[in-house]
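Protein chains: 2
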Amino acid sequence: MQLVPSAQDVLVLAQLVDLVRTGRATTRPDLEAATGLGRKVVTQRIKDGLDLGVLAEGDLAPSQGGRAPRTVRFRAEAGLILAACLGASECDAALTTLDGQVLGSLHLEVDIADGPASVLERVDTLFTELLDRHGRGRDLWGVGVGVPGPVDFTTGRIVAPPIMPGWDDFDVRAWFRNRYDAPIWVDNDVNLMALAEWHRGTPREGRDLLYVKVGTGIGSGLVSGGRLHRGDTGAAGDIGHVRVTDDESVVCRCGRTGCLEAAAGGWALARDLTRSARAGASPFLAERLAERGRLAPEHIGQAVASGDPVARAAIVGAARTVGGAVANIVNFANPGAVVLGGGVLRTGDEFFRIFADTVRTRAVELATRRLAVRTSSLDFTEGVTGAALLAVERLFRRDALPLWIAHGSPAGSAIRLQNASVA
Amino acid sequence: MQLVPSAQDVLVLAQLVDLVRTGRATTRPDLEAATGLGRKVVTQRIKDGLDLGVLAEGDLAPSQGGRAPRTVRFRAEAGLILAACLGASECDAALTTLDGQVLGSLHLEVDIADGPASVLERVDTLFTELLDRHGRGRDLWGVGVGVPGPVDFTTGRIVAPPIMPGWDDFDVRAWFRNRYDAPIWVDNDVNLMALAEWHRGTPREGRDLLYVKVGTGIGSGLVSGGRLHRGDTGAAGDIGHVRVTDDESVVCRCGRTGCLEAAAGGWALARDLTRSARAGASPFLAERLAERGRLAPEHIGQAVASGDPVARAAIVGAARTVGGAVANIVNFANPGAVVLGGGVLRTGDEFFRIFADTVRTRAVELATRRLAVRTSSLDFTEGVTGAALLAVERLFRRDALPLWIAHGSPAGSAIRLQNASVA
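If you're matching them up, the sequences are chains A and B in order.
Sequential numbering from 1 applies to the first sequence in full-length UniProt numbering.
Sequential numbering from 1 applies to the second sequence in full-length UniProt numbering.
Just chain A, same shape as in the assembly (with noise of 0.2 Å):
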């Protein structure tokens, strides 16, 4: 059948169907209460739904006196995520329903110094390869990508990205739109990855979340109140570059001296801990820069396990550089969790221990009192399952809804929204 429903009733149908997805309401009665819409209007709308595939009936609700009422459910399955999330040097990419259950993914390494138009190509490529491989027959209704640098989330572009060079002001959102009839949404990686934890993270505080990534560099995102707080230019959460030492030594990748990122981050470690090796003071570490050309986090890892004290040096005092700049911000914003991910994860959990014991001892006790400090349970899948799940929310927030337009199109076709570049 063709639906081509009044901008009006589309607006219904998507506050229904976000009532129903979220379980706020899933039987008649109970979208009626929520809503103060009538049962007339509420019966039709989801009548709508259950022709376009997004509702479907259910079982029965437990009886309130009457009659049981039938619930409805979300079809997550009607349409299909893609999602990508860049890293420096890596992409992930996956094609999920639209829970973000993940129905197929992808890994590529890519050099984000190649420039966005090379990098975004091969994004696309795996795209594609998802669709052809596990989207046959279903629309695509939304796309979240994640990059390792600040984003101007209205607008889709990339703002003075530290890392990401000849990507300044380039809009990610319009490269895709071009390409794909869906709403597409950009975010910063890390910021990405404060939300998958705080949606699927376990065990899930549903407290307001620092999440806190030492990888190559080091970045952290804050969801306060479930939302993220992203800032004024994107670039919230963007520690890397906050000065930690007076040490005019420590000299940063981005020219300066003294970041946190330079004391701390990945690239610093395997700098200093490649000297090291060279000069002979870790036998250890000079025997596996021999072996593959470079410093993997794993074989730091190994080193400190084999009591390298050259390595477990470095591993403890960038945990505690960089936990002492975390109590920092947990003084200032006071989440109720913070979460460590990143490939410093893949040298053990020395850097961890210590970095949780920072935080707790440098901050306020107001602020730790009640503080969780854990690792991240996402097994590094935390950026491109926070760009899905970015999509997913967006498609369904209600300050979206007004936006939303259903297609004139059969039964099963998606519900999209009329202007893709909505915040």
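These aren't lab readings, by the way, just hints derived from the structure by calculation.
Computed list of chain A residues with no C-beta within reach of chain B, every gap over 10 Å: (1) Gly23; (2) Ile46; (3) Asp114; (4) Arg138; (5) Arg179; (6) Tyr180; (7) Asp247; (8) Ser276; (9) Leu289; (10) Ala290; (11) Gly301; (12) Ala313.
Coverage of chain B stretches by chain A, computed from C-beta distances (three or more under 8 Å per stretch; other residues unrestricted): (13) 10-18; (14) 31-38; (15) 223-230; (16) 238-249; (17) 330-341; (18) 367-375.
Here a beta-carbon is modelled for each residue, glycine too, at the ideal position from N, C-alpha and C.
Once you've looked at the hints, dock chain B against the given chain A.
Then chain B, alone, in the frame of chain A:
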């Protein structure tokens, strides 16, 4: 007439009132389009709003081709808000209309250390006087209260306040609930100041705002996406006891050393300059001290203006210390505006000049490229203004709607929250 509408009707009414109040929709056709509700329902609920006195018929809107629709306007004068903000040594109270316009205000010196029973009794006396003088014939719809310590916003309880002896775990909401038949909201004073500057400050940036109060103590508040970031234990922004120096001689009133307050707060400045005056280092301040028995911010300002090097060095040092701490927060939170408020403004322009310069110099370029740094524009009324606006915002927020009921009372009577404990 008697009105005993269903909870569902009230939900719709409150939703319509909020759209009208905020100017998002002011004609019946626009209200239908914005809500997805039918003409009959909108017409009926507007009639309820007119009967209750919270809405009134307005002017004609421009015609869209057919007959010009009549607008509906919000009658802020239909109800009253009581607002109070407690500081360490004073209290501001105000009676306002439902849009926060002040009908009357009172100021009182209190010592927060007298404990809750004594202090709140005095606040209540102010409230009674304000209602007697300006509130005749109108109903109270809400109460907003600010306190100089961390608050568990969902319960209205004080949480381990550093400068409020006897207040720990005190239930401020319950205390007022026994006296007023209206919902009560309690929040940290600096949070409310941030909220007031975000809504009413000049210029209104509309961007994320960090308010920094430097008075007797030092605190801050962050408004992110129009919402206060309160933190997990209500301690977000509580930066007075962040460690800023390893100097063990900087002893804080909290018992530790090196706290921001102890290095740069008003009480520390007064302490240090009193010592200097007594030691003969500042004849100017020694004279003021002899006259008044203690040093006030104005005296320090006069000393700086007169060229007193000791007073100037103290102000410059404090401004640099606070500016450095705030630069770190700016790096993390990336606000669009930093607003300086509190008693330090009474010492003259020097503090702000150096503070602003330090924030800009010490924070990273990406976080300062669009940053506005200004002084507060509400002339020391930020706290009580914020307390009123908190109640206003909460009364009409969509997530509070399911709890609204309309009392079965004559037109003009209040719509109230069924359960005042809602956050």
